[in-house]
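Asker: Given the structure of chain A, go ahead and fit chain B onto it with the hints provided.
Residue numbers (this note's numbering), protein chains in the order written: chain A, 131 to 311; chain B, 44 to 333.
To be clear, the hints were calculated from the coordinates, so they are not data collected in a lab. Warning: the hint list may mix true and false statements.
Claimed, not checked - What follows is a set of in silico ranges between Cβ atoms, one per label pair, in the way DEER data are often shown:
id, chain 1, residue 1, chain 2, residue 2, range
1, B, L80, A, T296, 36 to 42 angstroms
2, A, V281, B, G186, 45 to 51 angstroms
3, A, R145, B, R298, 39 to 45 angstroms
4, A, D148, B, G311, 57 to 63 angstroms
5, A, R238, B, R83, 49 to 55 angstroms
6, A, L250, B, R83, 38 to 44 angstroms
7, B, R134, A, R300, 56 to 62 angstroms
Claimed, not checked - In the SDA-like style, the derived pairs of lysine to any residue whose C-alpha atoms are separated by at most 25 angstroms in a straight line are:
id, chain 1, residue 1, chain 2, residue 2
8, B, K193, B, G311
9, B, K57, A, P308
10, B, K57, A, G157
11, B, K75, A, P308
12, B, K193, B, R298
Virtual Cβ for every residue (Gly too), placed ideally from N, Cα, C.
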Amino acid sequence: MDKLPGIRPRQSLGRRLDMAARRGFPGSTTALLLLLTAAPIGLPGQAEVQASIALASVFFWSLFRPASMPPAVVFAVGLLVDLLGYAPPGVSVLTLLLAHGLALRWRRVLVRQGFLLVWLAFVGVAVGAAAVQWALTSLLIFRLLPPGPGVFQAAIGAGLYPALATLLTRAHHTLAEPEQA
Amino acid sequence: MIRLSIPVRQALAKLTLPVLIAAAFGLMLLGKADALLAERARMALADALAPIFGVVAEPLGSARAVVDNAEETFSLYSENARLREENERLRKWEAVALALDAENATLKANLRWIPDPAPSYVTARVVADAGGVYARAVLLSVGPNHSVTKGQIALDERGLVGRVTELGSRSARVLLITDMNSRIPVILERSRSRAMLVGTNGPRPRLMYWTEGQMPAEGEHVVTSAEANAFPAGLPVGVVHYSGSNVPEVEPAARLDRLEVVRLFDYGLRGVVPPESQATLRAQGPERRR
Chain A
131 MDKLPGIRPR QSLGRRLDMA ARRGFPGSTT ALLLLLTAAP IGLPGQAEVQ
181 ASIALASVFF WSLFRPASMP PAVVFAVGLL VDLLGYAPPG VSVLTLLLAH
231 GLALRWRRVL VRQGFLLVWL AFVGVAVGAA AVQWALTSLL IFRLLPPGPG
281 VFQAAIGAGL YPALATLLTR AHHTLAEPEQ A
Chain B
44 MIRLSIPVRQ ALAKLTLPVL IAAAFGLMLL GKADALLAER ARMALADALA
94 PIFGVVAEPL GSARAVVDNA EETFSLYSEN ARLREENERL RKWEAVALAL
144 DAENATLKAN LRWIPDPAPS YVTARVVADA GGVYARAVLL SVGPNHSVTK
194 GQIALDERGL VGRVTELGSR SARVLLITDM NSRIPVILER SRSRAMLVGT
244 NGPRPRLMYW TEGQMPAEGE HVVTSAEANA FPAGLPVGVV HYSGSNVPEV
294 EPAARLDRLE VVRLFDYGLR GVVPPESQAT LRAQGPERRR
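Next up, chain A with everything else stripped away, as it sits in the complex (with noise of 0.2 angstroms):
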């Protein structure tokens, strides 16, 4: 805690309190977003922005708050979307891990470059993660699926990152920033 040198307020309660809050922030707000996205609204493609979500919002963390969005709960969002749906457990765990890993080690290049390659990185990891889970899923029920959900799955993800990280950022300068409280 004590890594950077000045003048700070005092450790009550309620800062540290606060402070937990805006570390947990983008982990529940991820876990409330696929609990939102997972009721019936009738969005086309609900299951895909529901995975893309999860994808999305672990990807931005581990890049620019990696110490808000730890492994364990990548481990536990990848969880609740595998349970939340019918696929078997465990596909959405490693995809996000996966992911996550890869935010980390690209961390030190993209953290410094604009918008506009930190989501061209972000289509690769979608279009990764889409052909991760189709291929476990196809081999964990032993049958080969048809690539096409697949492919929806990653051009939603690509879509949908814009618009989420615009949401994020500024919660990221804002809400999830624990030196704040």
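Answerer: Coordinates of chain B only, in the frame set by chain A:
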């Protein structure tokens, strides 16, 4: 908390991700080895979330109603004309149906026809879309003291929706007829030819294995068949429609993309209920009756 030196803590932090990735593989193997465990975990989560989903579904439903109302207002005039015309047509058919119903009743009385037992049913609200990318299912909120069992048949106001495949204490999952794993014995109404309705995860399931030489005709009505003792005969399923690549598909009668409320019918059929759930049924039987 245990105090660790900084290098140890860093090493542990680096290890978390590989360990969790290994755990994900373990989870997959576990889910494959013990399908029941996965199902139980899923239903435990669904049970916990069902009340929340129920609360969320309420405002979403009213929001959707507002949008629908607004859309309908614009097409009020043309809709009215269409409905009046349809009403005229249906009135004619109503007379025919009543006459046929009366005739049917007399014929059945003369033949000493054994009537099908009237099925009991419960109505449940659809609270979540529980499919995922590679499956089609919905989650129902059924309340804590429900009498729903696995294998019960879900219908909406227009036709067949699917079957109950997973059951929790206050929620139930219904596998839709469009899911890839759905196989339903059907009868083509005009030719009385039997066929299987095979889900593809797409909006329209496919017809397969129909009687040799009796191609399903475009626009033919499809109803369930009592074969295999999984469904009662004659539940409306949909209408045959040939796809672009000349494959006979069925346009479902039920509005599967916007299910709000479904009825779960208990026809007392245990034809294709998996053995495991039959065992639990037997085990729970005396307890339930108490």
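Asker: Give a verdict on every hint.
Answerer: Outcome of the hint check:
Checked against the hint of 36 to 42 angstroms, the pair L80 of chain B and T296 of chain A passes, with Cβ atoms roughly 40 angstroms apart. Between V281 of chain A and G186 of chain B the C-beta distance comes to about 40 angstroms, which lies outside the given range of 45 to 51 angstroms. For R145 of chain A and R298 of chain B, the hinted distance range of 39 to 45 angstroms is not satisfied, since their beta carbons lie about 52 angstroms from each other. Hint check: D148 of chain A to G311 of chain B, Cβ distance near 58 angstroms, so the stated range 57 to 63 angstroms holds.
The hint said 49 to 55 angstroms for the Cβ distance between R238 of chain A and R83 of chain B, and at roughly 43 angstroms that hint is violated. Distance hint for L250 of chain A and R83 of chain B: a CB-CB separation of about 42 angstroms, consistent with the stated range 38 to 44 angstroms. At roughly 59 angstroms, the beta-carbon separation of R134 of chain B and R300 of chain A lies within the given 56 to 62 angstroms, and the hint holds. At roughly 11 angstroms between alpha-carbon atoms, K193 of chain B and G311 of chain B fall within 25 angstroms of each other, so this suggested pair holds.
Between the alpha carbons of K57 of chain B and P308 of chain A the distance comes to roughly 23 angstroms, so the proposed pair stays at or under 25 angstroms and holds. Of the supplied pair hints, the one linking K57 of chain B and G157 of chain A holds, its CA atoms being roughly 20 angstroms apart against a limit of 25 angstroms. Straight-line distance between C-alpha atoms of K75 of chain B and P308 of chain A comes to about 41 angstroms, which puts the hinted pair past the 25 angstroms bound. A distance of roughly 22 angstroms separates the Cα atoms of K193 of chain B and R298 of chain B; the hinted pair therefore holds under the 25 angstroms criterion.
The structure fails to meet hints 2, 3, 5 and 11 from the earlier list, while all remaining hints are met.
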